Structures are given as structure tokens and as C-alpha cells.
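K.L.:
Residue strings, one per chain:
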Amino acid sequence: MCVAYGLVAIVDINYAQKGVSTFIGMVKTLLPALLLVFLLLILFNLIQNIQSRLAGVTGAGSGIKGWWVAIVGGVLSHGPIYAWYPLLGELRSQGMRPALLAAFLYARSIKLPFLPVMVHYFGLAYTVVFSLYIVLFSLFNGWLTERLLYIGKTDDAKNVSKGGLTP
Amino acid sequence: MITAQNLQASLRKSSLAIWRLLPVLLAVLLLSSLIVPSIPVLIHQGFLGKGDLLDSLITAVIGSLAAGQPIISYLLAGELQRAGIGLMAVTAFVGAWVTVGIIPMPAEAMVLGWRFSLIRNAISFVLCIALAWLTVVTLHV
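From first to last, the protein sequence lines stand for chains S and F.
Mapped onto my numbering, the consecutive letters of the first sequence carry residue numbers 1 to 167.
Mapped onto my numbering, the consecutive letters of the second sequence carry residue numbers 1 to 141.
Bear in mind the hints are in silico, worked out from the structure with no lab data behind them.
Keep in mind it's a predicted model, so treat the numbers as computed, not measured.
Just so it is clear, CB atoms sit at the ideal spot from N, CA and C, and this is done for glycine as well.
Among the hints, a few may not be true.
[Unchecked claim] Derived SDA-like pairs: lysine to any residue, alpha-carbon spacing no greater than 20 Å straight-line:
1) F/K13 - S/L39
2) S/K111 - S/L124
3) S/K111 - S/V135
4) S/K111 - F/F125
5) S/K18 - F/P37
6) F/K13 - S/I42
7) F/K13 - S/G95
8) S/K18 - F/Q69
9) S/K28 - F/P37
10) S/K28 - S/G95
11) F/K13 - S/Q94
12) S/K111 - F/I72
13) S/K28 - F/P70
14) S/K28 - F/L30
15) S/K28 - S/L39
[Stated by the list, open to error] Just a sample of chain F residues kept apart from chain S, beta carbon distances all over 10 Å, derived:
16) G46
17) L53
18) L57
Take the sequences, apply the hints, and build the full model.
P.N.:
Here you go:
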């Protein structure tokens with residue numbers, strides 16, 4: 001990656017500088033969220049069985065409750081997605097359904113704190129319609145992702161895929 | 001019951017999870033820092049204005065390649081619409097920006113698997129076109 005920056009700098013030094021300042025800005029934005037996730041990870045690891053309980057809510061057979069947790073969790077989650085991957089990995093290893101992981105990731109598209117900007121540019125009706133479709137599509141996205149993921153796999157393979165989605 | 005031993009084990013496990021992700025995370029941030037500044041330039045160079053569907057596909061591809069806070073996509077999309085780009089294309093742009101993640105894909109795949117990541121993002125891309133069309137149709141009903 002540093003080589004790429006070097007090459008860009010040779011072609012256009014200003015662009016490379018802009019890239020570096022964008023990178024610094026992104027890191028600054030990411031650090032507090034990463035710290036929060038780190039603390040949450042510690043907490044989750046500390047409180048025995050909490051991951052098992054969360055995994056139970058989002059595991060196989062979690063039903064409507066699992067979908068509800070995934071979508072509401074996705075909408076309410078904040079910070080860059082990178083910061084959430086370790087936690088999602090942990091939950092997956094505890095048995096969280098791929099459908100609910102995908103639904104969570106899709107529902108994260110709704111960023112409640114930023115919606116006023118969308119309303120400003122596109123109006124309230126647009127924002128409401130767009131957000132509702134995101135919620136609906138997060139269900140569809142989750143369902144379809146899981147269906148396609150498990151094509152050609154036996155029920156046993158689905159059950160032993162805990163800890164990674166590519167058994 | 002929280003003991004010092006539990007706390008130590010928990011700290012170690014959590015640190016390891018973050019540490020494993022760090023190299024990929026930094027690489028992804030460096031890559032997106034190179035790509036993000038070029039997106040407004042691409043938009044202004046006349047890649048758009050070729051009809052709703054084609055514009056939507058183009059903006060969806062650009063949005064998919066982008067990485068950053070959704071608020072940036074709202075601002076860009078707002079400016080695009082003001083520049084005369086259709087609402088469907090603008091919505092596809094925002095939809096792809098917020099739902100498809102090409103740049104974060106290596107990090108996602110490392111944690112959740114390549115198969116999962118590819119399938120999820122491919123579906124999200126197709127859905128962002130449907131999302132754009134449905135949003136515009138619903139608003140015009």
C-alpha cells in the first residue's frame with residue numbers, strides 16, 4: 001500500500017497528500033469507535049455466557065426475535081464497520097445465523113444521526129421511504145444470503161459451520 | 001463473578017481479536033483514502049447523464065467502490081441531483097454506498113468468510129438498483 005502511495009506521489013504529489021490527510025481523518029474517526037468495541041469485547045468476554053445468550057437470540061431457531069435483534073441492532077449500531085467485525089466474528093463463532101449477520105450489516109445502512117442531512121437534501125418523504133425499504137431489504141438480503149450460502153450443503157455442514165462461514 | 005484471572009483472560013482475548021484485524025484495517029483505510037478523493041472528480045468528468053438505468057448502474061458501481069460515512073454520500077448525492085442527475089441514479093448511488101462494501105470486503109471476508117462476503121455484497125448491489133427504482137416509484141405514486 002505504501003508503494004501505491006509512492007507511485008501516486010510521483011504522478012501527483014497533491015493527490016497523495018490528500019490521500020494521506022483523508023487516511024489520518026479516517027483513523028481519527030475510527031479510533032473512538034474501535035475503543036468502544038474493544039471495551040464491549042472485554043465486557044462480553046468478561047460476563048460469562050453473554051455471548052452464548054446473544055448467540056442464542058440470533059442462532060438457529062431464533063425466529064422472529066432473532067431478526068428483530070439483528071435489524072434493530074444494525075440500525076442502532078454506530079461507528080465504522082471495521083470496528084464491528086471482531087464482535088460479529090465472535091458472535092458467529094457462537095452460532096449467529098448468517099442470515100442475521102447479513103441482515104445486521106444491511107440494516108447498518110440506516111444511520112439515524114445522519115438522517116437530518118438526507119431530509120435536508122431529499123425531503124422527509126424520501127428519507128422515510130428509503131429507510132423503510134432498507135429495513136425490508138435487510139430481511140430479504142439476509143434470507144437470500146443464507147439460502148445461497150448453503151446451496152449444496154447438507155444440514156450437518158450447516159450446523160458445523162460455526163466459527164467461519166466457509167466450512 | 002468477575003475475578004482478576006477472568007479480566008486478564010478477557011483482555012487477552014479482546015486484544016488478540018483487535019490485533020488480528022489491525023493490518024487489514026489499516027490497509028483498507030489506506031486504499032479507501034486513495035480512492036475516495038477521486039470519486040467527485042469521476043462524477044464531474046461526464047460519466048453520467050445516459051438515462052435512468054445506465055446512470056443508476058454507473059452510480060451504483062461508483063457508490064460500491066466508495067468507503068466512508070454515509071453522510072458523505074448524502075452530500076454528494078444531493079449535489080449530483082442539483083447538477084441534474086436523476087433521482088433514481090442518485091438513490092442507487094446512496095444505496096450502493098451504504099449497503100455495498102467492496103473496499104471493506106477483505107476485512108469482512110477475513111472475519112466472516114469470502115463466500116459469505118461475496119454473496120452478501122453481490123445481493124446488496126442488485127438490491128440497490130431495486131431500492132432506487134422502488135423508492136422513486138413509491139414517491140411518484
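K.L.:
May I ask you to check that F/L53 keeps its beta-carbon over 10 Å from the closest beta-carbon of chain S?
P.N.:
At roughly 18 Å from the nearest Cβ of chain S, F/L53 sits farther out than 10 Å, so the non-interface label holds.
K.L.:
Does the alpha-carbon distance linking S/K111 and F/I72 stay inside the 20 Å limit?
P.N.:
With Cα atoms ~12 Å apart, S/K111 and F/I72 stay inside 20 Å; holds.
K.L.:
Taking only the CA atoms, is the gap from S/K18 to F/P37 under or equal to 20 Å?
P.N.:
7 Å, holds
K.L.:
With the threshold set at 20 Å, check whether the alpha-carbon distance from S/K28 to F/L30 stays at or below it.
P.N.:
Holds, at roughly 13 Å.
K.L.:
Has the given pair, S/K28 with S/L39, been kept, meaning a C-alpha gap of at most 20 Å?
P.N.:
Given pair S/K28, S/L39 holds - Cα atoms ~18 Å apart, limit 20 Å.
K.L.:
What's the verdict on S/K111 and S/V135, does the C-alpha distance respect the 20 Å limit or exceed it?
P.N.:
12 Å, holds
K.L.:
Would you check the hint for F/K13 and S/Q94, treating anything up to 20 Å between C-alpha atoms as holding?
P.N.:
15 Å, holds
K.L.:
Given the hint that F/K13 pairs with S/I42, test it: the Cα-Cα distance must not exceed 20 Å.
P.N.:
Holds. F/K13 to S/I42 sits at ~8 Å (cutoff 20 Å).
K.L.:
Between the alpha carbons of S/K28 and F/P70, is the straight-line distance 20 Å or under?
P.N.:
Status holds; Cα separation ~17 Å.
K.L.:
If you draw a straight line from the CA of F/K13 to the CA of S/G95, is it 20 Å or shorter?
P.N.:
18 Å, holds
K.L.:
Taken at face value, is the distance from the CA of S/G95 to the CA of S/K28 at most 20 Å?
P.N.:
Status violated; Cα separation ~33 Å.
K.L.:
For F/L57, which was marked as not at the interface, is the minimum beta-carbon distance to chain S over 10 Å?
P.N.:
Check passes; 18 Å lies beyond 10 Å.
Going through the hint list in order, the structure does not satisfy hint 10, though it satisfies all others.
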